[in-house]
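Engineer: Listed in order, the protein sequences are those of chains A and B.
Numbering-wise (my numbering), the first sequence opens with residue 17 and increments by one.
Numbering-wise (my numbering), the second sequence opens with residue 17 and increments by one.
The hints are simulated quantities; they were obtained by calculation from the structure and are not laboratory data.
Given the structure is predicted, the values throughout are model-derived calculations rather than measurements.
Among the clues, some could well be false.
Unchecked claim - SDA-like mimics (lysine to any residue), calculated; alpha carbons at most 20 Å apart, straight line:
{"#": "1", "chain 1": "A", "residue 1": "Lys139", "chain 2": "B", "residue 2": "Thr156"}
{"#": "2", "chain 1": "B", "residue 1": "Lys342", "chain 2": "B", "residue 2": "Ile321"}
{"#": "3", "chain 1": "B", "residue 1": "Lys44", "chain 2": "B", "residue 2": "Pro252"}
{"#": "4", "chain 1": "B", "residue 1": "Lys342", "chain 2": "B", "residue 2": "Ala298"}
{"#": "5", "chain 1": "A", "residue 1": "Lys143", "chain 2": "B", "residue 2": "Asp159"}
{"#": "6", "chain 1": "B", "residue 1": "Lys136", "chain 2": "A", "residue 2": "Leu157"}
{"#": "7", "chain 1": "A", "residue 1": "Lys34", "chain 2": "B", "residue 2": "Asp65"}
{"#": "8", "chain 1": "B", "residue 1": "Lys294", "chain 2": "B", "residue 2": "Lys318"}
{"#": "9", "chain 1": "A", "residue 1": "Lys294", "chain 2": "A", "residue 2": "Tyr283"}
{"#": "10", "chain 1": "B", "residue 1": "Lys258", "chain 2": "B", "residue 2": "Glu233"}
{"#": "11", "chain 1": "A", "residue 1": "Lys72", "chain 2": "B", "residue 2": "Ala30"}
{"#": "12", "chain 1": "B", "residue 1": "Lys34", "chain 2": "A", "residue 2": "Lys143"}
{"#": "13", "chain 1": "A", "residue 1": "Lys382", "chain 2": "A", "residue 2": "Glu407"}
{"#": "14", "chain 1": "A", "residue 1": "Lys415", "chain 2": "A", "residue 2": "Gly370"}
{"#": "15", "chain 1": "A", "residue 1": "Lys181", "chain 2": "A", "residue 2": "Pro241"}
{"#": "16", "chain 1": "B", "residue 1": "Lys139", "chain 2": "A", "residue 2": "Pro241"}
{"#": "17", "chain 1": "B", "residue 1": "Lys145", "chain 2": "A", "residue 2": "Met82"}
{"#": "18", "chain 1": "B", "residue 1": "Lys138", "chain 2": "A", "residue 2": "Lys139"}
{"#": "19", "chain 1": "B", "residue 1": "Lys206", "chain 2": "B", "residue 2": "Leu157"}
{"#": "20", "chain 1": "B", "residue 1": "Lys46", "chain 2": "B", "residue 2": "Pro252"}
{"#": "21", "chain 1": "A", "residue 1": "Lys139", "chain 2": "B", "residue 2": "Leu157"}
{"#": "22", "chain 1": "A", "residue 1": "Lys383", "chain 2": "A", "residue 2": "Ala351"}
{"#": "23", "chain 1": "B", "residue 1": "Lys331", "chain 2": "B", "residue 2": "Asp352"}
{"#": "24", "chain 1": "B", "residue 1": "Lys139", "chain 2": "A", "residue 2": "Thr156"}
{"#": "25", "chain 1": "A", "residue 1": "Lys34", "chain 2": "B", "residue 2": "Thr74"}
{"#": "26", "chain 1": "A", "residue 1": "Lys72", "chain 2": "B", "residue 2": "Lys138"}
{"#": "27", "chain 1": "B", "residue 1": "Lys145", "chain 2": "A", "residue 2": "Ala79"}
{"#": "28", "chain 1": "A", "residue 1": "Lys72", "chain 2": "B", "residue 2": "Lys40"}
Protein chains: 2
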Amino acid sequence: MSLIVQKYGGTSVATPEKVKHVAKRVIKTKEEGNQLVVVVSAPGDMTDDLIELASKITDSPPAREMDMLLATGEQQSIALLAMAIYAEGHEAISFTGPQAGVRTNSVHRKARIQSINPDKVKKALSKGKIVIVAGFQGATLDDDITTLSRGGSDTSAVALAAALKADVCEIYTDVEGVYTADPRIVKDVKRLDSISSEEMLEMASLGAKVLHTRAVEYAEKYDVPVHVRSTFSENPGTMVTKEVKDMEGAIIKGVTHDKDQAKISVYGVPDTPGMAYKIFKAVGDAEINVDVIVQNVGRDNKANISFTVSGTDLKEALAIVQSVGKNIGVEEITADNEIAKVSLVGVGMKSHSGVAARMFEALAEKKINIQMITTSEIKISCVIAKKDTEEAVRAIHSKFLG
Amino acid sequence: MSLIVQKYGGTSVATPEKVKHVAKRVIKTKEEGNQLVVVVSAPGDMTDDLIELASKITDSPPAREMDMLLATGEQQSIALLAMAIYAEGHEAISFTGPQAGVRTNSVHRKARIQSINPDKVKKALSKGKIVIVAGFQGATLDDDITTLSRGGSDTSAVALAAALKADVCEIYTDVEGVYTADPRIVKDVKRLDSISSEEMLEMASLGAKVLHTRAVEYAEKYDVPVHVRSTFSENPGTMVTKEVKDMEGAIIKGVTHDKDQAKISVYGVPDTPGMAYKIFKAVGDAEINVDVIVQNVGRDNKANISFTVSGTDLKEALAIVQSVGKNIGVEEITADNEIAKVSLVGVGMKSHSGVAARMFEALAEKKINIQMITTSEIKISCVIAKKDTEEAVRAIHSKFLG
Numbered sequence: 017m018s019l020i021v022q023k024y025g026g027t028s029v030a031t032p033e034k035v036k037h038v039a040k041r042v043i044k045t046k047e048e049g050n051q052l053v054v055v056v057s058a059p060g061d062m063t064d065d066l067i068e069l070a071s072k073i074t075d076s077p078p079a080r081e082m083d084m085l086l087a088t089g090e091q092q093s094i095a096l097l098a099m100a101i102y103a104e105g106h107e108a109i110s111f112t113g114p115q116a117g118v119r120t121n122s123v124h125r126k127a128r129i130q131s132i133n134p135d136k137v138k139k140a141l142s143k144g145k146i147v148i149v150a151g152f153q154g155a156t157l158d159d160d161i162t163t164l165s166r167g168g169s170d171t172s173a174v175a176l177a178a179a180l181k182a183d184v185c186e187i188y189t190d191v192e193g194v195y196t197a198d199p200r201i202v203k204d205v206k207r208l209d210s211i212s213s214e215e216m217l218e219m220a221s222l223g224a225k226v227l228h229t230r231a232v233e234y235a236e237k238y239d240v241p242v243h244v245r246s247t248f249s250e251n252p253g254t255m256v257t258k259e260v261k262d263m264e265g266a267i268i269k270g271v272t273h274d275k276d277q278a279k280i281s282v283y284g285v286p287d288t289p290g291m292a293y294k295i296f297k298a299v300g301d302a303e304i305n306v307d308v309i310v311q312n313v314g315r316d317n318k319a320n321i322s323f324t325v326s327g328t329d330l331k332e333a334l335a336i337v338q339s340v341g342k343n344i345g346v347e348e349i350t351a352d353n354e355i356a357k358v359s360l361v362g363v364g365m366k367s368h369s370g371v372a373a374r375m376f377e378a379l380a381e382k383k384i385n386i387q388m389i390t391t392s393e394i395k396i397s398c399v400i401a402k403k404d405t406e407e408a409v410r411a412i413h414s415k416f417l418g
Numbered sequence: 017m018s019l020i021v022q023k024y025g026g027t028s029v030a031t032p033e034k035v036k037h038v039a040k041r042v043i044k045t046k047e048e049g050n051q052l053v054v055v056v057s058a059p060g061d062m063t064d065d066l067i068e069l070a071s072k073i074t075d076s077p078p079a080r081e082m083d084m085l086l087a088t089g090e091q092q093s094i095a096l097l098a099m100a101i102y103a104e105g106h107e108a109i110s111f112t113g114p115q116a117g118v119r120t121n122s123v124h125r126k127a128r129i130q131s132i133n134p135d136k137v138k139k140a141l142s143k144g145k146i147v148i149v150a151g152f153q154g155a156t157l158d159d160d161i162t163t164l165s166r167g168g169s170d171t172s173a174v175a176l177a178a179a180l181k182a183d184v185c186e187i188y189t190d191v192e193g194v195y196t197a198d199p200r201i202v203k204d205v206k207r208l209d210s211i212s213s214e215e216m217l218e219m220a221s222l223g224a225k226v227l228h229t230r231a232v233e234y235a236e237k238y239d240v241p242v243h244v245r246s247t248f249s250e251n252p253g254t255m256v257t258k259e260v261k262d263m264e265g266a267i268i269k270g271v272t273h274d275k276d277q278a279k280i281s282v283y284g285v286p287d288t289p290g291m292a293y294k295i296f297k298a299v300g301d302a303e304i305n306v307d308v309i310v311q312n313v314g315r316d317n318k319a320n321i322s323f324t325v326s327g328t329d330l331k332e333a334l335a336i337v338q339s340v341g342k343n344i345g346v347e348e349i350t351a352d353n354e355i356a357k358v359s360l361v362g363v364g365m366k367s368h369s370g371v372a373a374r375m376f377e378a379l380a381e382k383k384i385n386i387q388m389i390t391t392s393e394i395k396i397s398c399v400i401a402k403k404d405t406e407e408a409v410r411a412i413h414s415k416f417l418g
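Could you build all of it, start to finish, from the sequences and the hints given here?
Structural biologist: Next comes the structure, spelled out in structure tokens:
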């Protein structure tokens, strides 16, 4: 008997019909003789609808109250899925994140899981029940409801799998696994049978929306095998594993893009030590993730610093930078959310010379201007104009994977 | 400085605009120098919408999971109201029922409050915050979410007021208080300045929907002064108090009606001891409230028993009675939900002769047939055909209060 954690996203539980479909799929796994914990997200667009609803009350809702509001989405999903399983003659029990023992820090809307006490889940499993858990949410030690960052249900699932020492964590999505690029943009994409968690981490953080970044980090840290597969077919998907199996094979795993990017540029920063620290300390304290950072010193001995954040963080990040900028005396601050990031991902890329050059060539051939460049051991990213995203992805995919 | 508990119903928080209106009203009370706890219901029709949603999944959802689903309604209200108060520059904090320390028994969908630990609410009040609490919900000792029966937010408010030893519990509604009859049916109704909790109990249980029955019971038991008033005006409403002030005045307080009634008739019950017990024990065990009970013994020494339950309980009650009926051997069981109950309420009514006769006369004059009659110290109720409800209310009101 295996212990399996399955996670179904919002599109999989968007309507009563889809909830019933998931129930059947869950029951099938159970009937194959497995113990089963199912993590679900809020139905369809509910989270967005709730954010919209809050915006009709106020422009700047307190984060604690947003979490109180948003947590109702997953709570509805778990109740409906449990009902659908009952209707098929099986026993299920639903738990909110707090009830399932998910403890987080108190950074509302971007909380991090600190511990999971799986006693309640284990007890229900031992009674033969299918356990349904609300993803995306937890509670502080003070019992305040928190939510993880967007897409956090993946993290909930992997963290639960780790706490329960599950045999596998299956992430169900509307695609059949991890592809070499977004199938909506590139026609001849290939599905990857397996990918290392390190590569997946880059793929995830670079905008391949199949798996949430922190979920991959968690999977790597606690050695949870993750299987990304489709809600709507029985085909095998992509296994995310610790080891890289095909080191000898194609080093390029895929092309990713991320349109949820915005750039803040700070011009005329005094070129004295600690300036960058002051800016990024303030941004980091607000739990805003900074992605690409580029700094140059101009002829006037003043530095220009550009960096990217997610589009949703732009407003807050800009306010922080303007406040810090005033204190340290900068010349100008600009913001641009008409940008995107395209990236090439693959282990060992750095050791193969010429990869970066070929990527820049692919963009140059399409006359796409590169605004920022950043590289790591397993990826090369370029920030470009948002309007050029699709053409850039196709050009790079065709050059390396076509 | 007074401590005030205010309760706003679903219509008061149905839209973002209405939530903002409630926020202003709440802040006004706070600025008058009071400590304030606000209990809110689910917005508008949300509870009905969720029940409808569940019905698309299954005909018989498990009660625990329905509670999990329904509790999201109030949770959305409290978050939105807290945001609206913040937007006006005041500090608020929302708590779900469980967070506010509301402990109930484990009868899902009809849970009864067993205790309230108000420490968290008190702590927030002492920090000067306006505390927003989700009505209608609580948690068992096992931390399972429960809901009280429909309209239970009134009970939540009064119970919190009792636990906090509040100076008054204000129940805000869409009418200006308690009337001598339903203003939608009778034109020349009068608003009552005050009513005894005993009378209110009859008024509430008889279908005057301004205040939930258990709320009045709670108010009487714990001596909580309750003020029923309008969300949309500043006028004083009706005070529900322990003592009756105007014993000498008009003894008739009002005419009420309840269309949410259904009748089950059991014919040919063996006239031996314990038969009625068996039937009503089984119905009671399912936490179904039985209202009017009438029993006659016919010429064949078999008894006919009729009783009423709320329309929503009919299906379940009928199934129970059919099962018991099979065991004890009855001849026929029928159900009728085309009935309604009209009642005349007032303290000391029994000591004034002729009140019942005049009520029956009012109905006879309109050729309205009386199916069942029941009386208590302070009320006379008649079960009639549902279609005659409005005419009956008008006839009785005109005879006693016109």
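Engineer: Indicate, hint by hint, whether the structure satisfies it.
Structural biologist: Hints and how they fare:
| no. | hint | verdict |
| --- | --- | --- |
| 1 | A:Lys139 / B:Thr156 | 17 Å, holds |
| 2 | B:Lys342 / B:Ile321 | 15 Å, holds |
| 3 | B:Lys44 / B:Pro252 | 16 Å, holds |
| 4 | B:Lys342 / B:Ala298 | 13 Å, holds |
| 5 | A:Lys143 / B:Asp159 | 18 Å, holds |
| 6 | B:Lys136 / A:Leu157 | 13 Å, holds |
| 7 | A:Lys34 / B:Asp65 | 18 Å, holds |
| 8 | B:Lys294 / B:Lys318 | 16 Å, holds |
| 9 | A:Lys294 / A:Tyr283 | 15 Å, holds |
| 10 | B:Lys258 / B:Glu233 | 11 Å, holds |
| 11 | A:Lys72 / B:Ala30 | 13 Å, holds |
| 12 | B:Lys34 / A:Lys143 | 46 Å, violated |
| 13 | A:Lys382 / A:Glu407 | 8 Å, holds |
| 14 | A:Lys415 / A:Gly370 | 13 Å, holds |
| 15 | A:Lys181 / A:Pro241 | 10 Å, holds |
| 16 | B:Lys139 / A:Pro241 | 45 Å, violated |
| 17 | B:Lys145 / A:Met82 | 18 Å, holds |
| 18 | B:Lys138 / A:Lys139 | 34 Å, violated |
| 19 | B:Lys206 / B:Leu157 | 45 Å, violated |
| 20 | B:Lys46 / B:Pro252 | 18 Å, holds |
| 21 | A:Lys139 / B:Leu157 | 16 Å, holds |
| 22 | A:Lys383 / A:Ala351 | 24 Å, violated |
| 23 | B:Lys331 / B:Asp352 | 11 Å, holds |
| 24 | B:Lys139 / A:Thr156 | 17 Å, holds |
| 25 | A:Lys34 / B:Thr74 | 13 Å, holds |
| 26 | A:Lys72 / B:Lys138 | 30 Å, violated |
| 27 | B:Lys145 / A:Ala79 | 16 Å, holds |
| 28 | A:Lys72 / B:Lys40 | 16 Å, holds |
Going down the numbered hints, you'll see the structure goes against 12, 16, 18, 19, 22 and 26, while the others check out.
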